[in-house]
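There are 4 protein chains.
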Amino acid sequence: MSLKIGVIGTGAIGQEHIRRLNQKLVGSQVVAVTDINLEGAQKVADTYGNITVYKTYQEVVADPNVDALVITSWGPVHAEQVMAAIAVGKPVFVEKPMATTADDARKIVDAEIAFGKKLVQVGFMRRYDAGYKLLKEVIDSGKIGEPLVLHCAHRNPTVPTSYVTYMAINDTAIHELDCLHWLINDEWTSAQVIMPRATKNTHDKLKDPQILILTSAKGVRVVLEIFVNCQYGYDIQCEVVGETGIAKLPEPMSIEMRSQEKLSNTILNDWKVRFIESYDVELQDWIDSTVKGEVNGPTAWDGYLASVASDACVKAQESGAIEPIVTAARPTFYN
Amino acid sequence: MSLKIGVIGTGAIGQEHIRRLNQKLVGSQVVAVTDINLEGAQKVADTYGNITVYKTYQEVVADPNVDALVITSWGPVHAEQVMAAIAVGKPVFVEKPMATTADDARKIVDAEIAFGKKLVQVGFMRRYDAGYKLLKEVIDSGKIGEPLVLHCAHRNPTVPTSYVTYMAINDTAIHELDCLHWLINDEWTSAQVIMPRATKNTHDKLKDPQILILTSAKGVRVVLEIFVNCQYGYDIQCEVVGETGIAKLPEPMSIEMRSQEKLSNTILNDWKVRFIESYDVELQDWIDSTVKGEVNGPTAWDGYLASVASDACVKAQESGAIEPIVTAARPTFYN
Amino acid sequence: MSLKIGVIGTGAIGQEHIRRLNQKLVGSQVVAVTDINLEGAQKVADTYGNITVYKTYQEVVADPNVDALVITSWGPVHAEQVMAAIAVGKPVFVEKPMATTADDARKIVDAEIAFGKKLVQVGFMRRYDAGYKLLKEVIDSGKIGEPLVLHCAHRNPTVPTSYVTYMAINDTAIHELDCLHWLINDEWTSAQVIMPRATKNTHDKLKDPQILILTSAKGVRVVLEIFVNCQYGYDIQCEVVGETGIAKLPEPMSIEMRSQEKLSNTILNDWKVRFIESYDVELQDWIDSTVKGEVNGPTAWDGYLASVASDACVKAQESGAIEPIVTAARPTFYN
Amino acid sequence: MSLKIGVIGTGAIGQEHIRRLNQKLVGSQVVAVTDINLEGAQKVADTYGNITVYKTYQEVVADPNVDALVITSWGPVHAEQVMAAIAVGKPVFVEKPMATTADDARKIVDAEIAFGKKLVQVGFMRRYDAGYKLLKEVIDSGKIGEPLVLHCAHRNPTVPTSYVTYMAINDTAIHELDCLHWLINDEWTSAQVIMPRATKNTHDKLKDPQILILTSAKGVRVVLEIFVNCQYGYDIQCEVVGETGIAKLPEPMSIEMRSQEKLSNTILNDWKVRFIESYDVELQDWIDSTVKGEVNGPTAWDGYLASVASDACVKAQESGAIEPIVTAARPTFYN
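Protein chains in written order, with this note's numbering: chain A, 345 to 679; chain B, 345 to 679; chain C, 345 to 679; chain D, 345 to 679.
So that you can see chain A by itself, here it is in the shape it has in the complex (with noise of 0.2 angstroms):
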């Protein structure tokens, strides 16, 4: 029995949802979308059939044939798309952000306790990228005792002029905002954000590289540097240090060379081909889990999480101070 699936957004990442969820996962089948370019949601319907095309996404909520939600338009729209689902208690995955601010945040969580059951998922794919999972069966293993120190950088070989010095952590950093909490299993407490010198390579309404430094409740610190005009290639890297030992995020699978007097590997320069396959294993949980009715993925909680955190960031690349991340106490729903 397929887990019937009404997708709200019909652009690039939701098309490519809908591609997983009817040829390439098991167990989903897309019965109904929606659009504000509503010939864009037609035309997707039109390549798989039996789609149903709505004019707004609460038709797609209330359709008694959706089962659940994937929710993959314009960001500042998901939380009310989010709210509506709970509020017919449908599953509903929502790429991030989950909501664009905090209280709208805070909302959701809200929403989801009052309900009684978890039903959001939030599409931080990280999670699912086989290199953190290995890396995060080791920090659970207890083979590096307690996690101390965390050195992370994240890399892209160049961005558009329109990406400006706050994206650093709204579409950059946020991901290891999220993936490092769940990696560590902490929450943030505090950010700094310190500004190297600058790259020739970007413009005055970027710097970059930065340095972002996160303190957890437990007092580990993140040392992450962000440099997405790197030039050299797209490149995560992750090192935890522990009590006993360190351990260090695998680098994608390459071939090693030696040609032209160099022993080399090489790096991507896409974080799509980086991150493609977790992306795969993301969606499949979720369907899986949702058949179970449950959330196993990022919840709402980690969606508020990201939000506040993400702020609490974008006002320490303007203060230069370290900045308070402050967060409601964790509901044991969400233990």
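It is possible that some hints are incorrect.
Copies of the same chain look alike in the list, so a pair counts if it works inside one copy or between any two.
As the list claims (entries may be wrong) - Below, in silico cross-link-like pairs of lysine-lysine (DSSO-like), each with a Cα-Cα straight-line distance of 30 angstroms or less:
1) Lys368 x Lys399
2) Lys440 x Lys399
3) Lys616 x Lys592
4) Lys462 x Lys451
5) Lys562 x Lys659
6) Lys606 x Lys487
Because the hints were derived from the structure by calculation, they are not lab data. The structure displayed is predicted, hence computed values, not measured ones.
Got chain A; can you put chains B, C and D on it based on the hints?
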């Protein structure tokens, strides 16, 4: 529309493939099974439902509801079962060995050619391993020039005492016999086996390690160390020396650790873990190709080549001489 | 013609240097020694022969047979002994610290400038490490563009309980304070120290690990993790992030092993082994330079910079704030 | 007291050794030289002063001021010059080859035994390479059990066209013929040479690459790829497969770079750079041993073994067969 599959043989590997076909892969459904252990077959059928259990493989082959066959029975009966599938023009995936004699293998080739369309895929899964695929891409790209020498190793931590000298070819090197000729797009012409000093961890019926040297039609030499009691882990190595550079099969992904005065990565100890993903990729590719009426994996011709080559290698184990590998000319049918 | 050397201080490091100067290096000969433990000095002299033992350092400095001085006495007396050498115009190699206060260090700088010729080399041996030299070559070559961020770590397996918080600067980070400004050809302007969650393997007088963040005049940021009870080994890491690429200090040479399900390299556990060769290179370079009337290693100015920087770092440990590192303008004498 | 040395042959390698002996190493002084090019010898002598130039090697050997000899003349005269040194009981360091025929090598062995004390060291410098020394330590430690198979490669970027097939043995593999038997503490008993597909970058007088397979008395097999036009660099590989693990020669130290979509380390292109330090270590060890009246490096017996083995290898190149390597029984004198 799912491909409806009949599975002949419901032992360990049969059960794994049925689980894949029914639960993990897309576009397939097992509709009929048989096994010499009929109770076992019935039990498997009960697990999934909607599967007809037959007493004979002939009935499975003949069932009009069966679109394609998967043969995971005992090796000595593979050839006749494959012939039966060809006789009715049904696509068939057969686990290694396709046949236990070169003559039987040749008969399958002839039957397939007579039928006029490729129907047979042999279960050499290494071609579907992500590492080997990357390696082939590099070779085909010309980045290292023409291949000249391959340094390979196939190592197991231990084998049971029932494993004896000739199995180093038939159970172990058989994977390289297929995979490496595909890798370099060439065919074998001779084999030599060298017996180095034996490890103390073997017994008098098993020479271990062994060094197999293969020559290809273009003169490429493969030096393959087979060492099935190497103790330290399951380890597959392949380094291709080309005219201008060298490319090496990646190590399986693992976490780099600094601990107890070692900088280390884990080595696997189980071949199933090493190639588990390639089985999924292999069968998904087979399903997708079959639906299109194609065979894109190892063909009956590859099964025939492996059969002739392994016979020559076993002879070379005994003679100590360089033994020719004499195959018929490649039919244009297989180009 | 050998350089005739007077050694002030015949403790452990003094004895090692005397052995180097007399038996391992070329062009030097120890002709005079002194120590507060006169018996010890005599014993050392007897080992080699042809060495005059003096009761005071003043006599060693004054001995007309002494061409140059090596100071390996107790740190607090280094400054006055260096001043005495400058007073008579004799070249002097002084182990770290050159002086225990920034004022004393400044007096040495002034005295040397007044004398009109460089005479002092400070014993920062890391600049002579083969790995750091290769790293500096890469940076100077421009292959990674201008340096922007340095990720560094200085880790010891354990320290005695007498090692307390400020020693993380004065005994440990002092090496990076000198070496890294040389590496990037820049000077420090501020320091911040962050105290992460402490390891269980420390005690209440030692915060461990610590993260030291240095800013240079050009805006380069150094993130240095100091972790002196890391358990797993002695480990020095340095990764330089430049505008177009990254260069990393090599791991010490070791044998790659496949054994017991690990692919591993040994990590050292002793700093002496890590830098043993750099002491030889350092002193040979000092001998050769001294004979030519030059100072090519760390100068009195470098000794002064290290002194000012370490004072600021200790203050930053206590304040938790970003502390300025205020030095005099670099005299043209040291360009 | 310096060891006073007479050098026979002042060509390129002679001049390098003289510089080492006079300026870089401790405890040696060149006091006499000769060369067939007398002007050249005079020029070298003038560079250093205090060196007597003789017209004949006999005079150098006879000079009572000469304690020990270094032979860096043309290969074909090495044997008679070594014999002359033995005749007067003077220690002698002779560059490879010790002799150009196995008969001449054997005569040297016999003469040395007759003299009653080891006098001859052969210039196989690889035993002094830091990497090989570490590798031997691991093997001798028993950490990988008894060695069974060695996978080795000796690759040059290019060779001049005057380099022809047999030189792959006499000029190239000769290093492995000595070094590897020392590494595993064993002697060769047979050789086979396999000629793979030739690279396009060779010519009709040079088969390139070649695979040399050696058998030792204990049954260990060495598979040595010799590839002297590999284009990509100078690369020496050695991997020792033991009963319980594998140990691999380290790559030369280099900076790991992330640049231009590559994670890379530099590969050397010049053998002189690869082994430059081992020459220093080798000659320093020879000086120190000679002063003690010992030979601790490769002996005349090793020179004899290399001579017999290389003859058999050249024969194996031509015959394509497995050729025996027949040496006399090891005299107890060399245990």
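Comparing the hints with the structure gives:
1. Lys368 x Lys399: within (27 angstroms within a copy, 34 angstroms between copies)
2. Lys440 x Lys399: within (23 angstroms within a copy, 54 angstroms between copies)
3. Lys616 x Lys592: Intra 21 angstroms, inter 25 angstroms, cutoff 30 angstroms: intra and inter.
4. Lys462 x Lys451: within (14 angstroms within a copy, 60 angstroms between copies)
5. Lys562 x Lys659: both (22 angstroms within a copy, 25 angstroms between copies)
6. Lys606 x Lys487: This pair counts as between: shortest inter-copy Cα distance 13 angstroms, intra-copy 35 angstroms.
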